[in-house]
Amino acid sequence: MHWQEQGKHPDYRFTLANERTFLAWVRTALGMLAGGVLLHQLAHSLEPRWAVAALAVALALLAASMGLAAYFRWKHVEIAMRHDQPLPRSLLIPVLAFSVALMGLLVAVMLAWR
Numbered sequence: 001m002h003w004q005e006q007g008k009h010p011d012y013r014f015t016l017a018n019e020r021t022f023l024a025w026v027r028t029a030l031g032m033l034a035g036g037v038l039l040h041q042l043a044h045s046l047e048p049r050w051a052v053a054a055l056a057v058a059l060a061l062l063a064a065s066m067g068l069a070a071y072f073r074w075k076h077v078e079i080a081m082r083h084d085q086p087l088p089r090s091l092l093i094p095v096l097a098f099s100v101a102l103m104g105l106l107v108a109v110m111l112a113w114r
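Numbering of the sequence shown is given in the UniProt record's numbering, commencing with residue 1 and proceeding in unit increments.
Don't take each hint at face value.
Claimed, not checked - 20 Å max Cα-Cα, derived SDA-like pairs, lysine to any residue:
#1 K75 x Q41
#2 K75 x V107
#3 K75 x S65
#4 K8 x I79
#5 K8 x R82
#6 K8 x M81
#7 K75 x A34
#8 K8 x A64
#9 K75 x D11
#10 K75 x A24
#11 K8 x S65
#12 K8 x I93
#13 K8 x E78
#14 K75 x V95
#15 K75 x T21
#16 K8 x Q85
#17 K75 x P88
#18 K8 x E19
#19 K75 x W113
#20 K8 x H83
#21 K75 x W3
#22 K75 x P10
#23 K8 x H76
#24 K8 x L68
#25 K75 x V57
#26 K75 x L91
#27 K75 x R13
#28 K75 x G36
#29 K75 x Q85
#30 K75 x Y12
#31 K75 x H40
#32 K75 x R27
#33 K8 x V95
#34 K75 x F22
#35 K8 x L91
Please keep in mind that the hints were generated in silico from the structure rather than gathered at the bench.
Model the full assembly from the supplied sequences, consistent with the hints where possible.
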C-alpha cells in the first residue's frame, strides 16, 4: 500500500500548512539558486575570482539539496500526521542557518579583499 493511503487522513488544515511550509522551503531554495547565478554573472569586481565561483557553486548546491530535503521533510511530516506520531525533527533549519552564516562571512571577506 502506498504511504499516502496508510493511516488516517489528517485534518486538511494541517495538510495545507505542511504544503505551505514545503513551498516556503522551495522558494528559499530558488532564491539561493538565483543568488548563485546573480553572483556568478555580476560580481566581476570581487576578488579572488575562484572564491566567487566557489560561492556561486555552493549556493547552487545548497539550493538543490534544500529542494530535495524540503520534499523529504514534507513527506515525513505527512506520514507522522497520518499515524498520530510526533513530528520529526528538521535538519533544514540548522543547516540553512550555518550555511548562510558561512556564506555571509565569505562575502564579507571578499568585499574586504577588494
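Legend entry - Agreement of K8 and R82 with the hint, judged by alpha carbon distance not exceeding 20 Å: Measuring from Cα to Cα gives roughly 5 Å; hence the hint holds.
Legend entry - Hinted pair K75 and Q41, Cα distance within 20 Å: violated (35 Å)
Inset, instruction - Please work out if K75 and A24 have their alpha carbons no farther apart than 20 Å. - result: holds (15 Å)
Legend entry - Distance restraint between K8 and V95, which requires alpha-carbon spacing of 20 Å or less: Status violated; Cα separation ~32 Å.
Legend entry - Pair hint outcome, K75 versus V57 [Cα-Cα no greater than 20 Å]: With Cα atoms ~27 Å apart, K75 and V57 exceed 20 Å; violated.
Legend entry - Proposed proximity, G36 with K75 (alpha carbon, max 20 Å): violated (27 Å)
Inset, instruction - Would you check the hint for K8 and I93, treating anything up to 20 Å between C-alpha atoms as holding? - result: violated (28 Å)
Inset, instruction - Verify the proposed pairing of K75 with W113, using a straight-line Cα cut of 20 Å. - result: violated (44 Å)
Inset, instruction - Given the hint that K8 pairs with S65, test it: the Cα-Cα distance must not exceed 20 Å. - result: violated (30 Å)
Inset, instruction - Take a quick look at whether K8 and E19 sit within 20 Å of each other, Cα to Cα. - result: holds (18 Å)
Inset, instruction - Mind checking the alpha carbons of K8 and L68 for me, to see if they're no more than 20 Å apart? - result: violated (26 Å)
Legend entry - 20 Å Cα cutoff - pair K8, E78: Roughly 11 Å separates the two Cα atoms, so the pair holds.
When each numbered hint is compared with the structure, violations occur for hints 1, 2, 7, 8, 11, 12, 19, 24, 25, 28, 31, 33 and 35.
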